Structure formats: structure tokens, C-alpha cells
Amino acid sequence: MIHLTIDRRPVTVENVKTVLDACREAGVYIPTLCADPDLAPFGACRLCIVKIEGLRGLPTACTTSVADGMKVITEDEDIRDVRTMTMQLLLSDHPQDCLTCGKNGLCGLQEVAEYLGLRNRTFRLLERKAEPDNSNPCFEINYAKCIFCGKCVRACAEINGSGAIDFLGRGFRTEIMPFARLPIRESICESCGECVERCPTGALVPRRFLSPDREASTVCPYCGVGCRILYGVRGSTIVSARGDRSAPASRGRLCVKGRYGSFDFVGNKERLCTPLIREGDTFREADWDEALAAVAAGLSRLRGDVFGGLASAKVTNEDNYIFQKFVRAAMGTNNVDHCARLCHASTVAGLALSFGSGAMTNPSTDVLSADVILITGSNTTENHPVIGYMIREAISRGSKLILFDPRQIPLARISAIWCRQRPGTDVAWINGLMHVILREGLHKKSFIDERTEGFEDVARIVEAYSPERAEEITGIPAADIVDAARMYAGAENASIIYSMGITQHTTGVDNVRSLANLAMMTGNIGRPGTGVNPLRGQNNVQGACDMGSLPNVISGYQQVSDEKVREKFEKVWGVTIPAKPGMTVTEMIPAALTGKIKALYIMGENPMLSDPDVHHVEKALRALDFLVVQDIFLTETARLADVVLPATSFAERDGTYTNTERRVQLTKPVLPPVMGVRQDWEIIQDISTLLGYPMRYNSRRDIWDEMRSLAPSFAGISWERLEAGGSICWPCPDESHPGTPILHRERFTRGKGHFAPIDYRQADEMPDTDYPFILTTGRILEQFHTGTMTRKSEALEGLEPECFVEMSAADAEQLGVMKGNHVQVITRRGAVRALVRLNDRTGAGTLFIPFHYVEAAANELTNAAYDPIAKIPEFKVCAARVEKIESSTSP
Amino acid sequence: MTKHTKKSSRSSSGKSSIAQRVEQWLRIAGNSFSKARESIIPLLQAAQSEFGFLPNEVMEAIARFLRVPPAQIQGVASFYSQFRYEAPGKHRVTVCRGTACHVRGSGRVVDELTMWLGIKPQETSTDGLFTLETVACVGSCALAPLMVVDGKVHGRQTPATARKTMEKISMAESEANHGDKEDAV
Ligand code: SF4
Ligand code: SF4
Ligand code: SF4
Ligand code: FES
Ligand code: FES
Chain X
1 MIHLTIDRRP
11 VTVENVKTVL
21 DACREAGVYI
31 PTLCADPDLA
41 PFGACRLCIV
51 KIEGLRGLPT
61 ACTTSVADGM
71 KVITEDEDIR
81 DVRTMTMQLL
91 LSDHPQDCLT
101 CGKNGLCGLQ
111 EVAEYLGLRN
121 RTFRLLERKA
131 EPDNSNPCFE
141 INYAKCIFCG
151 KCVRACAEIN
161 GSGAIDFLGR
171 GFRTEIMPFA
181 RLPIRESICE
191 SCGECVERCP
201 TGALVPRRFL
211 SPDREASTVC
221 PYCGVGCRIL
231 YGVRGSTIVS
241 ARGDRSAPAS
251 RGRLCVKGRY
261 GSFDFVGNKE
271 RLCTPLIREG
281 DTFREADWDE
291 ALAAVAAGLS
301 RLRGDVFGGL
311 ASAKVTNEDN
321 YIFQKFVRAA
331 MGTNNVDHCA
341 RLCHASTVAG
351 LALSFGSGAM
361 TNPSTDVLSA
371 DVILITGSNT
381 TENHPVIGYM
391 IREAISRGSK
401 LILFDPRQIP
411 LARISAIWCR
421 QRPGTDVAWI
431 NGLMHVILRE
441 GLHKKSFIDE
451 RTEGFEDVAR
461 IVEAYSPERA
471 EEITGIPAAD
481 IVDAARMYAG
491 AENASIIYSM
501 GITQHTTGVD
511 NVRSLANLAM
521 MTGNIGRPGT
531 GVNPLRGQNN
541 VQGACDMGSL
551 PNVISGYQQV
561 SDEKVREKFE
571 KVWGVTIPAK
581 PGMTVTEMIP
591 AALTGKIKAL
601 YIMGENPMLS
611 DPDVHHVEKA
621 LRALDFLVVQ
631 DIFLTETARL
641 ADVVLPATSF
651 AERDGTYTNT
661 ERRVQLTKPV
671 LPPVMGVRQD
681 WEIIQDISTL
691 LGYPMRYNSR
701 RDIWDEMRSL
711 APSFAGISWE
721 RLEAGGSICW
731 PCPDESHPGT
741 PILHRERFTR
751 GKGHFAPIDY
761 RQADEMPDTD
771 YPFILTTGRI
781 LEQFHTGTMT
791 RKSEALEGLE
801 PECFVEMSAA
811 DAEQLGVMKG
821 NHVQVITRRG
831 AVRALVRLND
841 RTGAGTLFIP
851 FHYVEAAANE
861 LTNAAYDPIA
871 KIPEFKVCAA
881 RVEKIESSTS
891 P
Chain E
1 MTKHTKKSSR
11 SSSGKSSIAQ
21 RVEQWLRIAG
31 NSFSKARESI
41 IPLLQAAQSE
51 FGFLPNEVME
61 AIARFLRVPP
71 AQIQGVASFY
81 SQFRYEAPGK
91 HRVTVCRGTA
101 CHVRGSGRVV
111 DELTMWLGIK
121 PQETSTDGLF
131 TLETVACVGS
141 CALAPLMVVD
151 GKVHGRQTPA
161 TARKTMEKIS
171 MAESEANHGD
181 KEDAV
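The listed protein sequences correspond, in order, to chains X and E. The numbering used here puts the first residue of the first sequence at 1, with every later residue one more than the last. The numbering used here puts the first residue of the second sequence at 1, with every later residue one more than the last.
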């Protein structure tokens, strides 16, 4: 509590640092141009000057700490004079085209000019020469309007953390520039727009902007970080997006996809808005009654284990719950799965075996309290950008980063140690680290004794992984393995972050369990800044798993093979649930070819692009007796369907999503649905009823309440609590429980943490003379998954329009190809055409291709061999060769 | 007479070799600096005395070494006038533009040199032979207007005397060049 007087009135404020904060808290306006609540005080514009009794001159409110008993005057004749002079100087070289400026109505200069009541300019207008930079499709740069408040520079350094731009020169020659005066698109800028959002003038403006008439907040439709976005709506169109600063997961931060590319597709003309029924090679439009009847007729013949359902990581928890209930109760089979199989099945299986719970152990912001962060198989700054910002923030505050990645990803340049392992050799280096830790006695004996079991088996097996042997297998210098082991084990708190680079292997579960071993051995579990943290790919992939869109578990990870579990659900559902766990996606697709699966219901997924070896997938889907696809676009998969049902987009529905840190967030519709589409849950409910298993929910809230009455982890997360603005991390057993941001604090979910001895196994397909390269696939910053949504965004498509292949300069030289040439990348399964990109990221002998592009689908190449436990395909390693396309001309 | 024209982009030629030289230098020199922001200026100074200027490769290497974004290194450097960003010519020609020299016609000397060398002040000729600079008062106003060439002070300059000096250097250079070639044969 601080007591002070502002303009002779006593006020009491709390939790504030500066005089400016105190005035704002007390509701007193002070003009500012360089202050921002998210940025460190800068004191450049000098508009926030005040008088403070006992202090000489006119101190700036934004840089002066507030103290008890202060007497502050925020405006008088002197202050107004100085502010007016400051503004006159700022205006002296500012262009006078307010009416046609991109910031008209939102401009900080206009606001201050209005506040001061400026009526004329006292200085002759000088023209500042500055070339506009139009290289970025998301925003325009026109530094002729810059007032050097430095918000952009500070936002880039402090919020995004990449520091792509900085002041250049000084005095009246100052400019703001990327390194080497490159156009912004060619610099290390990530197009996140944090600078644009904060710029008070027309110097940085979004390329497309219309002022909205209302705003509503929902969860970003892309990655698992779960940022909340405030969408601006005008009529029935989304016209703007900005970060929602009240959201604990993202604190207002966004990446390029969320800010510039997350809403174009909502109003896209290609949106499906009427059901389609197949007629020979084409579709005809149908009304809902007819379409639903057709689905019911088709499915009624194909119940039981010949049926399979693919749920979706893009729809709400409620839609997933009702979908898996439909499959289990109405269709009588456990054949339900979703795309998590393709990204984190190894996590769900592996961490459940080791710890008892297959999710991130700690919240994302926890990296800020880690002394050492070990990242492997996650190109975090591109694939989970906002968590990437947090990692950079942690490093700038002194945390150390250890990176294991076959590619020299952007994080490599700020890591203390970067190790380039051969793709597919992760078990070997992790065992190598543990070997060193045990040899040097760096393990936490008390933790191992009290909290875990099976340690001796692991100790025995890692004996064989001396750093030298690990070097032989992985290609990482032995000395680096020793250094990394010491740094990780020596930290007070060390956090492990990983993603698909670990999971998408035939050894995916082994890799995950090895990381779990490493964390347990050093006692890095159950405290802030520690843990084993898988970053999930889709905005609701965590939720889809949680809700039981998996063949072996029902909502809340309750085993379907457990009789007690079945009994509990059967009582509420009123049917018998089959005891046998169902098939995974990766089993259902091949089973369609052998006739074991005859019908599929696919909700919001596009296996034609996302699954391995897509030629095979197409054949399988064509072989089905009956295929139903429920989606917002006529995707490659929907084109093969017998009935296509148009659903709502993320912006048109309410419901909950669970982000990668197990945080359940409630959303409200931003827009009413487009004409003709229906909510996913309503569609499922009607079909179920037609099939003789009536469902009578009135809302998603009804569905949620049924779910939490059956799944103890969610029991305490009531709709009221979520509506009151909360977001809660499960497990949350009752309504007074605050939620569990950090798992395994006192004990592991499974009791004792389980050490599993793991030996290194080779990847399924290794390079040979015919296919000498290792091909690895992944995502890039500017596109998302199969591109169904991102590729409809002008901004994102403008940034990365074409499929490329990354290779090392040495390999390119040997192949006789150059940057900008087109090549064919060929594996035993297929070939795609891609543009050569040389950027020092991949090592010799390794190729990288992003999988977003339908015209060059990387998954025509990948190997469908899968992990024996998790059944996840080996997307990250296969053998390939490269052929030059002879007619190839420059880009 | 050799024609000197403004150099366009010298940094693009021999790019990889300069990057290699920078790496080599930093591998050794880096040992005497802590990996902290305080090292930015001392490192930039050390680099400039090694390379004579700060090519982009130097700033990038320092950025990588200190794990700081390159734009920030460039930003710090640009705040100080001591740093140069282009390779200086073999011969540095500095004309004083202080008040005394100005009054006695240093402007005309600069104009003459600009024309003869084909470059503006603070630029370097394409052949890398000359860098033309101007400074404020050298402190020998008695000799105004004056020109400093490779550290040697030339007082009481006129456009004609300044040009003579340039011609002499240029002649010596082309003879030396000839000699080199004959030696090589
Ligand atoms: S868009 Fe983001 S990365 Fe690019 S300059 Fe602005 S803040 Fe930095
Ligand atoms: S570009 Fe905008 S945010 Fe950046 S310094 Fe200029 S006015 Fe401020
Ligand atoms: S894509 Fe991920 S990081 Fe980017 S805004 Fe959306 S949720 Fe946030
Ligand atoms: S807001 Fe305080 S100096 Fe700019
Ligand atoms: S003015 Fe030229 S030396 Fe002083």
C-alpha cells in the first residue's frame, strides 16, 4: 500500500512501481509515447513529465519510482508548456497526412496533440527522407513517420526476444534498422508484429487493417501454446487480431500465424456451407435431414469393429467427448483415435509409463525459473513461437540453454551448448549423458531412493554408453556430451523441453522414456523450473487425448480394459462398452485395405496430407464401403467421402480447449456461424439419435458436465469457474481445488517414478547407396500442418508460398544444384518437387522438407514404419536421394 | 592517368575468405573477453584495429560470440564515430574543414580532390588506393589550409598542390605494380 497525493488529492495504490503506474492506477491521465506496460521504462519521449515535491525539475513519471508520501502534480502551466514544445518538435518533421494514415484514430501523436489542444505547428515542416520498406506481406514500414520512441526495438528485444531491429546512428540521423540494413523480410525478423502492435505512429502498420466495431477473445486455432487472441469484428467479418493481455498462457503475445494468418480462412469463399452427398464421381448438395439420414443409413450396416472414428485436435473438448462416446456407445467399438497418434502418441504412452501421466509436467512460463533448459527435437521459436519467446527471455535473464538438434535451428545461436546428433540416435546421447552423470556422481541419490524404482537397471545399461561410444553412434563430440551432462546435472533447476523430433520415430517411446530417466536421475521433477515438457502441436491436441479420443482410454485416461471404469461409464451411458482396446489411426488405415475396417467417420482431420505414405492412405480410403467427413473445407480427404458434413470454424463456437500445459480455457463465439453449417456436437448428437442411441444435450456445457462427473481429473473445473475468467490446469479434483500447474510434486501420479532401461536401436530405414540422404520433415514458422487454414492467408502465403528442401552447401555443390533450383526429392515411396534452400541449418547428408504443401506433399515420401508401443510413424527419418530437374531455371 | 571511381560494394568480393579470417581472429582474440554485453565495445575496437574497419562479418561474428542479435552490435557501433564500415584505402587523405582552413579555401581543395579521385569525402576509391576524409580543425591553424596524407601534414594547400601530391602517389603505385608483375614473370 502506497499513500500519495496526486494533484492535491490523496490516493492509495497497490502493486505499482513507477509514478506513471500510480497515476494510471488512480485514474489520472498522463500523456505518454514511449511507455508500455510490457516493456522496461525508457524515458525517451519526455511527455510524461510531472512535478514532484522535493525533486528538482520535471522528472519523467515513467522512470521515477513511486514512494510513500509523494506529492505529484501532473499538469500545470509549466508542464503544459514543456509538453507542447516537445510535441512541436516531434511534429516538425512528421508528415501531415493523418486522414489517409494507417494509424488514423489509433495514433499516439494524435492522442497527445488532442490532449494538449494543439492548434497550429510552430516550426516549419522539415521533410525527413526515409525509404519505405515493403518487403513484408504482413506489415508496412515507413520510418518517415517514426518518432523514435523505441517501442518497436524494445518489443522485439524484450517480448519476441529476437532483437531483429535496433537504433542505428544517433542524433537527428537516427534510424531503426535490421542488421546490415537488409529489407526486414531478409533479416532475422519473425514477422510476429509485436512491434507493429505497439508502434504509436504510422511508421509500422499492418498491411490490411479496418477498424472493428467490437472485439471478442478466443483461443488461437493453431499450435498448442494456446494464446488467446482478441479478434476485431466488423459486421460479420473478422478484420483484426491482437494479443489478449489478460491470458495467463500467452500474456498478450502472438506469433505471425496467430496475428496475421488466423482469420482469413473463416470467411473464405471455399467454406463448405451445405452437406454434400456423393453421386458417382461428383457430389450433389443436400439438405441436412437428407444428409444425416444418408449417414445413418450407411453406418447402421457397419457397426462394431469394422467401424472407426477419427476425432480431431482442432475441435473443442466437448466435441471430442461426444465423438468418442458416439463411437463407443452408438457404434459399439473402441476404434477411435486422432492425429495425436502422429505427433505425441509416444509421449502419452512413454510418460504415462514412467510418471503415470502423459503430459507436460510444468507450465510453459516455468522456463523462466529454470537455470538450465535442455531442448531437443523442438524448433521452439518456429513451432511454438510464444514459448520460444519465453525461452529467449529466460536466456536473457541468465538461464543456460543446452540444445540437441540435427538442424542448426535459430535457438542454436543463443545456446550454451549445441549438439548435432544424427537423426534417430537420441537414445544413445541421452544414455551417454546419464553415463557421465553416474560416473561423476552427479545424480540425486535421495530423490532416486525415495521417489523412484528400477534405477539399478538403468545404471547397468548406461554403463555401455561412454561418451566415446555415444559419439560413434550419434556423431556428437564426446567432450560436448560430457559438458552437457555436467551442465544439466549441475543446475539447481533444469527443465527438459521436447517435441516431435523426439516422438516421431520408431523409437519414439524409448526416446521419451530416456528423457524421463534423465530427469529422475537428477531429481529434476516436481519443482518450478524443472520437469519433462512435451510441446503439443495443435490447439486442442491435449484436450482430444484428455477426452478419450484414443482407442485404449476413455475420458481422463481411464483404461477401457478396466472393468470398474467400464461399469462407471456404462451406468451413465446406458450401454455396454466393448472391453477390447481399439485400433489406432496407423492401424485403421491399413486395415481399410484388408477389409477389416469398412467405414470411417473423420471429423476435422486431413489424413491425406498429414499421414505417412499418402499414396497408401488414398488407396485405403478409396477401399472403404462408407466414408463420412465432417470439416469446414472440402479437403483432400473430404473429396473421397460418401457424405460431407459442413461444420463451424473455431471462431463460430463456444467450448473449452486444453493447451499444451494442461490449461483448460473457455471460449465464446466471435461470430455467428455462416449460413448452413452446424456445430460438431449437434451433428454427432443427431446422427447418434438416428442410429438408435439418443443423445439429448442442450449445449456444450451439458456435455462438459457429464464428462467431469465421470473423469475425476476434471471434476473441479466447472463452467462457472471458467466463465468467471479462470483457466485451470488439470488435475483438479474438486471445485475448491486451484488446479495443478506442476505435476508429481510430492509423489508421481503412478506412485513411484519408473526407470526403464533402454538400449539404442537404429531407425527403421537407414541411408544406403541408392538413397544416400537422411530425410527429416517438420513445420515452419509461417505455415501450419496441412495448410488448410494458413494457406488461405494472403500474409502467410506471401511469406512462404512454396515447398523447399534444405540441404548443406557441400551437398548442393556435389549435386551440382544451387539455391533457387528445383529438385526432385525421391524415396522408396514417392517423389516431390522442391526449391533448394541453403541456409546452414542442415548438416551434410541430411535433408529437411516441411510438410504443409499439398502440391508437394512431404508425406508421399515418409516411412509408415511405426513405434511398436505408441504406433507413431517415423516421420523424422527416412532414406532419400535428390535429382536435379534439368530444365530448372532460376526462382 | 588512372581513373579512380567510387567503389560500389567491396564487401561482396571475397566474402567467404573474410568470414574465415574473422573466425580465426575471434577464436584467439575471443579468449581475452568475457561473454557479456560489456565486451561489445572493446571487441569492436579490437576488431577494427585488426581489420582496419568493421565488415558485416565482424559484427555478425561478435554477435554470435556474445549471443547477442547482430542488429544490436551494429546499433552500439553506430553510436560511436570511431568505427568505420568500409575497408580504408591504402592511402588516407584528410582535409581539414575547420574554420581557419575553411576561410583560406579548404573547400576548393576538397572539391579538387573529389573530382580528381572520383569519390566524395568519407568514401574509398574502387581500386582501394585512396580514402578521402574531412575533419574539423587539426590544431595547426598556422599552416591552413592543410591536408594530411598517410599521417604526413601538408600545409598551405591549393587545389594544384593537393593534386600534385595525389599524382605523385598514384605514379609511384603504378610503377610498383609494374615491378611486381615483372618479378612474378
Ligand atoms: S515483427 Fe517481431 S521479430 Fe520482426 S521486427 Fe517486429 S517484433 Fe521483431
Ligand atoms: S517505428 Fe514506431 S515504435 Fe518504432 S520507434 Fe518509431 S514510432 Fe516508435
Ligand atoms: S500459433 Fe501458437 S504461438 Fe502462434 S499465436 Fe497461435 S497459439 Fe500462439
Ligand atoms: S512515456 Fe515517459 S518518457 Fe516517454
Ligand atoms: S582549422 Fe584547419 S587546422 Fe585548425
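Certain hints may be false.
In silico DSS-like cross-links for lysine-lysine, where the CA-CA straight-line distance does not exceed 27 Å [to be verified]:
#1 X:Lys580 with X:Lys598
#2 X:Lys580 with X:Lys564
#3 E:Lys90 with X:Lys129
#4 E:Lys90 with E:Lys168
#5 X:Lys269 with X:Lys792
#6 E:Lys35 with X:Lys400
I should point out that these hints are in silico values taken from the structure, not numbers from a laboratory. Note that the structure is predicted; figures quoted are calculated from it, not measured.
Going through the hints against the structure:
1. Between Lys580 (chain X) and Lys598 (chain X), the direct Cα distance comes to roughly 19 Å. Compliance with the 27 Å bound is thereby established for this hinted pair.
2. A threshold of 27 Å between alpha carbons decides the hint, and for Lys580 (chain X) with Lys564 (chain X) the separation of about 14 Å falls inside it, so the pair holds.
3. With a C-alpha separation of about 33 Å, the suggested pairing of Lys90 (chain E) with Lys129 (chain X) is violated against the 27 Å cut-off.
4. Between Lys90 (chain E) and Lys168 (chain E) the alpha-carbon distance is near 14 Å, which keeps this suggested pair within the 27 Å criterion.
5. The suggested pairing of Lys269 (chain X) with Lys792 (chain X) holds, with an alpha-carbon distance near 10 Å, which does not exceed 27 Å.
6. With a CA separation close to 13 Å, the supplied pair Lys35 (chain E) and Lys400 (chain X) stays within the 27 Å bound.
In this structure, the one hint that does not hold is number 3.
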